[in-house]
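Use these hints to put chain C onto chain H, whose structure you have.
Next come the chains, spelled out residue by residue.
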Amino acid sequence: MISILVKRFVHGVIVLWAVASLTFILLRLAPGGPFDSERKLPPEIIANLEAKYHLNEPVLEQYSRYLAGVARGDLGPSYKYLDRGVTEIIADTLPTSALLGALAVIFAVLVSFPLGLFAAYYRESVIDRFCLFLATLGISLPNFILGALLIWAVALQLGWLQAGRWDDWSSVILPMVTLGAAPAAYLSALLRSTLIETLGEDFVRTARAKGAREHSVIARHALRNSLIPILTVMGPLTAALLTGSFVVEYVFAIPGMGRFFITAVTDRDYPLIMGVSLVYTAILVSANFAVDLLYGWVDPRIRAE
Amino acid sequence: MALELSPVKTTGNRLLPISAVFLLIVISSAVVGPWLSTYTVGGLEAARLLEPPTATHWMGTDGLGRDLLIRVLYGARVSLTVGLGTAAIALMIGTLYGLIAGFKGGNCDHAMMRIVDLFYGLPDMLIFILLSLVFGRNIGGLLIALGLVSWVRFARIARGQVLQAKEFLFVESAYALGASRGRILSRHILPNIVGPILVTLTFSIPSAMLAESTLSFIGIGINDPYSAWGTSWGTLVQDGYRAMRSYPHVIVFPAAAIFLTILSLNILGNGLRDILDPRQR
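Listed in order, the protein sequences are those of chains H and C. The first sequence: position 273 = 273 (the working numbering), numbered continuously. The second sequence: position 137 = 137 (the working numbering), numbered continuously.
Extracted from the complex, chain C is given alone in its bound form:
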């Protein structure tokens, strides 16, 4: 489903600082949390299966007696890495591609955008799944698969912006002054198209996280039980889903983590768009 970014505009700026603070908490606890905790991801306690939250296990334990908090923290590492990593890969491939297409123009642009259109016409989820079959169902493979699908959006935005920026008078004057192409591209055009690309970047992080957790939930995403990078929030929700009827705490914490993180990122993206791109308001 090749939908554009979130169409929600200006959702009360009061939520913006709250989301920013929440994201900071998630990021810092993902980085520091696993070191501070006395539990390990794989640490089983046979006597404490499916315990509700207590002072020793803040989020309770799962069906194998593992501390849920530490698993959610490792899941945060995976989710954030997938989100940021995919966005970075897509940003690099897509922006470069779009820049070249827009800057060269003519037949080259036409041919390059044909390929983008082709990618755009494909169902995203399907391509993720097929690519992840090839690259393996670990975090690295998933990063490549997601990156290879999401770059198209950046290519479109970057090309459109370059086409607009090329018409500016200062670009023409730079040509007249004899500036090289590389200099015009990097000094005059790039700074003028950063805004929309940044907005696209902010929205591509939650959509990558959503795709990863969805795949992991249905059991065809990250599946790497022997690595610390094998715990995804999607997998945790899946575990909780099975125990939901009698032990709702197992699903509540990871589900809330996914939802609130994606929500905060979307609110942040909306706010950023309002600031950077006032035309779209």
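Bound conformation, chain H alone:
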């Protein structure tokens, strides 16, 4: 177990380094720069700007300067927000994205577990068909369309909840549902199919034969043994949601990291793009790491290895 974790940790660091290098190389290759504007700047000013941001140095030197900065937690200056560094911008906006993401994860789990459980237990019934239909729908409905639909129906027509703000509970619900719907659909379909498989296993029959109560058969024998595939997808899923889908932040005008990322892309604010990419990757890597730890808790056989 320990050796697996160490291996995973090293792998995570390599992934982070790869993303840092990849973004660095890609953004050097990308046509156009942050200081391109409609009005051409005089060459002296360009030279000044390049000197200020060390863009006149050899590429290798820029690269090592960047990596050294990253190692110290300094993601560099933003080209667009002159008074704030990239680290500061991320520190300001990440909590909002993380809160939205955490709410969406909770929503997805709370919806998908009962749905998947019922569907698997009453297989081929009306409930099951309804659950499958809902899951297909949820997987196929892009979240920007769902968001627009919810804003139009719930906020504009019915006036029940707020949209386009981010302060009290009534403005939080719609983004949470929008972000959590697809994962909820995905998880319930996944839980259903693994549970159906587990319910057919011998140990479930044994548990029933020895007279275990039905709810304990489900909860202790079947459900627990179906958690591994769920956990596997929970890693990337949680990471994707915690970093706040930039689409949902865009649709609902939420001041999270994703929105800054989109503006950074249109502004070609390279340090900010690189910084957000690294933070995204770091969260993904640590979510996968956490999942590896949880495997051992769910399945003692893995712990023993």
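The set of hints was computed from the structure by calculation and includes no laboratory data. Just so we're clear, the structure is a prediction, and the values are computed from it rather than from any experiment. Every residue gets a Cβ at the ideal spot worked out from N, C-alpha and C, and that includes glycine. Mixed in with the good hints there might be a few duds.
For the chain H half of the interface with chain C, some residues (derived, Cβ under 10 Å), not all of them [what the hints assert, rightly or not]: (1) L22; (2) T23; (3) L156; (4) F246; (5) Y250.
To spell it out: a stretch of chain C is covered by chain H in this simulated footprint if at least three of its residues, at any positions, have a beta carbon under 8 Å from a beta carbon of chain H; those stretches are [unchecked claim]: (6) 131-140; (7) 212-218; (8) 242-253.
Below, chain C alone, put in the same frame as chain H:
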């Protein structure tokens, strides 16, 4: 988010023929539609801004007085090209890569799969965005960017299947009979792994369409206003989103087009998997 394919299994086969027919309609109207229409993508009518659907403009007009139907039809061309093109690129790179890795085995396989794992650990959307910055925000650039991200899935599936197929007795007998490697790969192994790859292919089309429309919606996808290939369904939904409060028709048609097309493709993929891959049912 490197999730596997849709986990939905056997969703009522009654929907399967409906989805197939719907997709045929979308494809044929995307191909033929723009020729039949009397309007052009850029044709502005200053007197007819944001008109709801009428007999002359079946889907109404947008904020610049352009016929919405013709824009949705051109959008269908873009979406289908992105979906099919990405799938084709990913299929070619990924399957070849996976075949070689699985067939060679040993250290070569190990090293090749390390690279795949690395790609798999990266957030998809992020890499799309970074790559599309490099290759340009037109349909060609987006195709390359999406293809370069989605091949990993094919590589994994193909390698896993080859590893299984290599153990079959008929492969061993082919070796014993002195068949060349190329012949074994193409005649004995490839036909046995087509099923799962085809299923992966069907699911990779809607996920590419989804990624493209999402990027175009937030304004960092296709942005090529002077080309007939510059109208994406995502861009149309974005236009409609701004006018949604008073003129819902502008968002309804392109949004329905994206949703129903992706839904049909997913249903088709589920059906195909049930037929080709009965073990997974």
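Quick check: the stretch 212-218 of chain C, covered by chain H? Criterion 3+ residues, Cβ under 8 Å. Our answer is that it holds, as 4 residues pass the Cβ test (under 8 Å) against chain H, meeting three.
A closest beta-carbon separation below 10 Å is what the hint needs, so does Y250(H) meet it against chain C? holds (5 Å)
Holds or violated: F246(H) as interface residue toward chain C, Cβ cutoff 10 Å? holds (7 Å)
In terms of beta carbon proximity below 8 Å, does the stretch 242-253 of chain C have 3 or more residues touching chain H? The restraint on the stretch 242-253 of chain C holds, since 4 of its residues have a Cβ under 8 Å from chain H and three suffice.
Given that the stretch 131-140 of chain C was listed as covered by chain H, double-check it with a C-beta distance under 8 Å for 3 or more residues. holds (count 4)
Once the shortest beta carbon distance from T23(H) to chain C is found, is it less than 10 Å? It holds, given that the least Cβ distance between T23(H) and chain C is near 6 Å, below 10 Å.
Interface hint compliance - L156(H) to chain C, C-beta minimum distance less than 10 Å: Nearest chain C Cβ about 6 Å off; hint holds.
Hint L22(H) vs chain C: min CB-CB distance below 10 Å? holds (7 Å)
Consistency note: the structure conflicts with none of the earlier hints.
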